[in-house]
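Going down the list, the sequences are from chains B and Y. Start counting the first sequence at 1002; every next residue gets the next number (the working numbering). Start counting the second sequence at 1002; every next residue gets the next number (the working numbering).
Hints in this document: simulated from the structure, not taken from any laboratory. Any given hint could turn out to be false.
Which copy? The list can't say, so a pair holds if one copy fits it or any two copies do.
What the hints assert, rightly or not - With a cut-off of at most 27 angstroms between alpha-carbon atoms, the simulated DSSO-like pairs for lysine-lysine come out as follows: (1) Lys1181 with Lys1166; (2) Lys1184 with Lys1218; (3) Lys1310 with Lys1126; (4) Lys1098 with Lys1310; (5) Lys1326 with Lys1098; (6) Lys1326 with Lys1053.
Predicted model, so just to flag it, every value in this text is computed and none were measured.
Number of protein chains: 2
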Amino acid sequence: MLLLQYFLKLIEKVKFTVAHTDSSARAGILETDHGVIETPIFMPVGTQGTVKAVEQRELEEIGAQIILGNTYHLYLRPGIEVLQKMGGLHQFMNWKKPILTDSGGYQVFSLTDLRKISQDGVTFKSHLDGSSHFFSPKKVVEIQRVIGSDIMMVLDECPPFPCEKEYAVESNKLTVKWAKLCKEAVKDSEPLYGHHQALFAIVQGSVFKEIREQSAKALVDEDFEGYAIGGLAVGEPAETMYAMTEFTTQFLPVTKPRYLMGVGTPENLLESIERGIDMFDCVMPTRNGRNGMIFTRNGRMNIRNAKWKMDDSPIDDGFESYTNKNFSRGYLRHLFQVDEILGLQLASIHNLAFYLWLMREARKQIVADNFLHWERETLGQLAVNI
Amino acid sequence: MLLLQYFLKLIEKVKFTVAHTDSSARAGILETDHGVIETPIFMPVGTQGTVKAVEQRELEEIGAQIILGNTYHLYLRPGIEVLQKMGGLHQFMNWKKPILTDSGGYQVFSLTDLRKISQDGVTFKSHLDGSSHFFSPKKVVEIQRVIGSDIMMVLDECPPFPCEKEYAVESNKLTVKWAKLCKEAVKDSEPLYGHHQALFAIVQGSVFKEIREQSAKALVDEDFEGYAIGGLAVGEPAETMYAMTEFTTQFLPVTKPRYLMGVGTPENLLESIERGIDMFDCVMPTRNGRNGMIFTRNGRMNIRNAKWKMDDSPIDDGFESYTNKNFSRGYLRHLFQVDEILGLQLASIHNLAFYLWLMREARKQIVADNFLHWERETLGQLAVNI
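Using the sequences and the hints given, assemble the complete structure.
The following block contains the structure:
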């Protein structure tokens, strides 16, 4: 019986199918034990076990198929003891669909003055209370086992931008080494809640093509269940980001999902889908929403602007979201003027609904072999400030 | 035609029926053009055109039958120009059920250093930008016409607690005078949006029985559509509040709705229903909710308390609210620990659901002639800190 389980585990994987391609753009299906994800997909960010200002039933309502959690934040609060007692993150936050967890590498490496990197891992001080902690490749897998995410990410080092080539070379060696150690840790451990947990690797290499190529090839040799492109959208020009994405995807297997981490604007998403990316996450729709920036099919608006004061029309006429169907620009502007929480809620719901709509629409256009044409038309509209 | 409208207006009123009494407690039905309100009722406070952290559809879901707006706040922001353009507050905030608006008197008189009272009204400086404004009885009716509330409140002066008897006498004279002027202003004006707007008077008199009696009698002589008891829950002991309420209601007509302004805890509500009150409003369920105080059928809990950290049970087992049906004490505690907006949302939804449930339950018990027995049992449970 144990032997059978062992073999079953060896073959058990998330199943990814590319249903259709339109030039380099892909319409895929990613099957997990918590449900099917149609790609390209945007993943709302729920760092601390909640997507800020949005209820779980509202995420379902707007068509969220998978959300993010963050290993670093969840490890600190509520902590793995609580998460284990609660039966993992799905049960803790009552979210029944898939969850992907960032390994926390990005957060830890952002603590520039509070962390120390060695070959074995990284020692860091909590941003909350200064307490000392150590993340190794094995440790982040263990934590993600307790969280129970459907997709776990390897511990990586994300170099800053700009960075010296020598630094990027050494950093990438560490990332590749740690990716292998994470994979071993996954093989040597079991899921705690009866569902499969995939492990995705992260291609690094800053803006250096040859390091990106080495990184991708070394990781692909290890046969991960999916591949992320990390270390972009960290301050480099958008054109560089697109170029690095396009360059990197050629070394990734067409049969595996590709995830561009931390990206981005609606325009960034379309440009990256064009270059073969399947998955995205970004705080932009919620964070910018809380600051009053609203995304619409006709461009973006600053809802605090006085010009919306007397405007009784919906934000985006005919668009399907609770915000848009029920409230006017003038009302939303008022809520932001008077600092009411409902403004944050309605802006976040609408922006996430918009991002998810954009991904569904992109998928339709890929399936209809019309992606590039539609993309060109759409990019022009999205960039407008209305 | 104008003459016919004039006579129709004279007879048009909100219809209030006392369906059942159980000692002094009343189960009533208040009919407005925006729907029927079953009393006793709690009215969630939506000062600035939103009940803080709760969506309009969620108010419907938890059984809110009428909500509050505030004339002072809405006059300042978004301002009457916006409200008129938007077709009134119902349409502005997309709330189809009844709205009651406080006249703003309480807010203006709280601006102790920023306002000056005369026989004609009160001059005050905005708490936002120091700009100067004048509220007269006629003016607050005009503003409430633009807001379009189903129940308008007269401009009153709410004396502080404690206050000298001489002050309370003079203050009450002004309140009665202004109430009459408000009534005239209502008679001399028309609703703007085609639905009837009732005017409720406010009995003042601080904690002095004879002034309360004079106030109530003078106002009842004017035949208002409903009567509020104001100037309580301003710092006096609860027993004093109950005594003043009980004393005052004897002078109010049994056929008109009675509204105890700004009250209070769940216990306050039951004690006041026992004394013949039909309507309540208070920021407590939402404000205390945002501070982590959760009301349950078994008592109140501070959800920030470390003892809930590992608790995977619902807040109030079997209670009907989105919060309670979907999330654990431990999850809610986590949301408050990490300052997530969802915590404010879930606490507010739950506490309002609890207040509205308490009113529905009280009504059932009145109709079953079991109110006092049920009240005694319930009061004991509600006061517990769990």
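Regarding lysine 1181 and lysine 1166, is the shortest C-alpha distance of 27 angstroms or less found within a copy, between copies, in both, or in neither? For lysine 1181 and lysine 1166, the Cα distance is within 27 angstroms only inside one copy (23 angstroms; across copies 82 angstroms).
Since the copies are identical, ignore which copy is meant and state whether lysine 1326 and lysine 1053 lie within 27 angstroms (CA to CA) inside a copy, between copies, both or neither. Classified as both: same-chain Cα gap 21 angstroms, cross-chain 20 angstroms, threshold 27 angstroms.
Tell me, please, which holds for lysine 1310 and lysine 1126 at an alpha-carbon limit of 27 angstroms: within, between, both or neither? For lysine 1310 and lysine 1126, the Cα distance is within 27 angstroms only across copies (23 angstroms; inside one copy 46 angstroms).
Alpha-carbon proximity context of lysine 1326 and lysine 1098, limit 27 angstroms: For lysine 1326 and lysine 1098, both the intra-copy (26 angstroms) and inter-copy (18 angstroms) Cα distances are at most 27 angstroms.
How would you label the pair lysine 1184, lysine 1218 (within, between, both, or neither) given a Cα cut-off of 27 angstroms? within (16 angstroms within a copy, 82 angstroms between copies)
Should lysine 1098 paired with lysine 1310 be assigned to within, between, both, or neither, using CA atoms and 27 angstroms as the limit? between (39 angstroms within a copy, 24 angstroms between copies)
Consistency with the previously given hints is maintained throughout, with no hint failing.
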